[in-house]
Amino acid sequence: MDVLYFAWVRERIGHPKERVETRAATVRDLVEELRAREDRYAAAFADLSALRVAVDQELRDFDAPLGGAREVAFFPPMTGG
Amino acid sequence: MDVLYFAWVRERIGHPKERVETRAATVRDLVEELRAREDRYAAAFADLSALRVAVDQELRDFDAPLGGAREVAFFPPMTGG
Amino acid sequence: MDIRVQEAPFDLGAEANAFAARQAGMGAVVTFTGIVRDLGGDLDAMEIEHYPGMTEKALAGIAEEAMRRWQVGDVLILHRHGRLCADDLIMMVATASRHRADAFQAAEFLMDYLKSRAPFWKKELTQAGEGWVAARDEDEDALRRW
Amino acid sequence: MDIRVQEAPFDLGAEANAFAARQAGMGAVVTFTGIVRDLGGDLDAMEIEHYPGMTEKALAGIAEEAMRRWQVGDVLILHRHGRLCADDLIMMVATASRHRADAFQAAEFLMDYLKSRAPFWKKELTQAGEGWVAARDEDEDALRRW
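Those protein sequences? They're chains A, B, C and D, same order as listed.
Here the numbering used here is used: the first residue of the first sequence is 1, the next is one more, and so on.
Here the numbering used here is used: the first residue of the second sequence is 1001, the next is one more, and so on.
Here the numbering used here is used: the first residue of the third sequence is 2001, the next is one more, and so on.
Here the numbering used here is used: the first residue of the fourth sequence is 3001, the next is one more, and so on.
The reader is advised that the hints may include incorrect statements.
Claimed, not checked - Below, in silico cross-link-like pairs of lysine-lysine (DSSO-like), each with a Cα-Cα straight-line distance of 27 Å or less:
(1) D/Lys3057 with A/Lys17
(2) B/Lys1017 with C/Lys2123
(3) A/Lys17 with D/Lys3123
(4) C/Lys2057 with B/Lys1017
(5) C/Lys2057 with C/Lys2123
(6) D/Lys3123 with D/Lys3057
What the hints assert, rightly or not - Per label pair, the in silico range of CB-to-CB distance:
(7) D/Glu3138 with C/Gly2131: 44 to 54 Å
(8) C/Glu2138 with A/Arg23: 54 to 64 Å
(9) B/Arg1035 with C/Gln2127: 33 to 43 Å
Honestly, the hints are just simulated from the structure, not real lab data.
No residue lacks a Cβ here, since even glycine has one placed at the ideal position from N, Cα and C.
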């Protein structure tokens, strides 16, 4: 699936998008896999309460299932308007 | 004092403004004097709950004193905006 | 504070742009615009009568009250009188504030008071005849929330 | 319904006029405009990042929800992204309704949801450095009233 990062999550991880092969069942499982990769991932995902997640462009919580998802995005709380 | 009429009060009475010599102590007293004049006044002032009054361009109730007032205006509830 | 009562039409866009451009440090601008509706499909004209002198005072008083109650940097009230047609703009208010809640609340307050406390009266001229627009109970009730 | 996400500046006045002109039978038009503030007096620029694809979907969803909840005839949402300067217009919403309460409430609802549920992020670039604008608790709290 495609994993996207925005705002300071993107800056901390160092790129806006990557292809991830995973069997993670939920967003939280995917986060664990990413955290285990490198320090910059661990830093970006250190505090999940500071993060939001979208699965296939819909806001979800971290327990959302990933079955069939094509695109997961991580970002801080939004500040539009 | 000048007595002014607006909207259907003006139409019912037949003119927008007149000079009235009065010793009425309150708006209600003035209304009684006007009512006694002619049928068209009686018709205009038949239902005070359908009327609003301004004394010297400030909204007042019918018990407001008239001492020193230069201008009294009668009109229906306002419909601006 | 900018209060205008006029017979001439106004340009909503030009007014909104000028109002927004003169706000320094304000993050939020709200405008409300009232438009003549032809409810029965047979409106020839709407005539708006007002009370010269009192109108300007009442509007200024309402604007000052809004600026006392909320953190608003500026207020515009513009209201037409005279003969208007369906779809003509009747009036507008604009408010500016640092945070959006103040601009929204001040604009709603201005509208609620302007509706029922500023001396304007609307008369509809239709093919079936003419009639003064009656005040709505909801408009009077709306004042109670402030 | 008119939803636009764009890098280019927009003309509030032209948008407000066009929106008001295309309302048939609507007596009330409300606009909200957000403007870049220079809070510390040293803002070089504000960069607005967004999530192309999701942004448009989220805004359309919010607009549809507003049209379900209130009697609104039309909704406009226009939001810029990219690099902006102090006093630039960031975004606007417009709503039209028969009675003013619907247009006001729908516009406030759009703003509350747009603030916290549409994928935009603001970064301030100042002489002292750069930083992402933090979400405000009040903005999250504002959603609870709907």
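- request: Just tell me: holds or violated, for the beta carbon distance of C/Glu2138 and A/Arg23 against 54 to 64 Å?
  value: At 59 Å between Cβs, range holds.
- prompt: Is A/Lys17 close enough to D/Lys3123, meaning Cα to Cα at most 27 Å?
  reply: holds (19 Å)
message: So if I understand the rule, the pair passes when the alpha-carbon distance is 27 Å or less; does B/Lys1017 with C/Lys2123 pass?
response: Measuring from Cα to Cα gives roughly 19 Å; hence the hint holds.
Supplied distance hint 33 to 43 Å, evaluated on CB atoms of B/Arg1035 and C/Gln2127: holds (36 Å)
task: Would you check the hint for C/Lys2057 and C/Lys2123, treating anything up to 27 Å between C-alpha atoms as holding?
output: Roughly 23 Å separates the two Cα atoms, so the pair holds.
query: Given the hint that D/Lys3123 pairs with D/Lys3057, does the C-alpha gap stay at or below 27 Å?
result: holds (23 Å)
task: Below or equal to 27 Å on CA atoms is what counts here, so check C/Lys2057 against B/Lys1017.
output: Holds. C/Lys2057 to B/Lys1017 sits at ~20 Å (cutoff 27 Å).
field: Cβ distance range 44 to 54 Å for D/Glu3138 and C/Gly2131, holds or violated
entry: holds (46 Å)
query: Regarding the pair D/Lys3057 and A/Lys17, is the alpha-carbon distance no greater than 27 Å?
result: holds (20 Å)
The earlier numbered hints are all upheld by this structure, with none contradicted.
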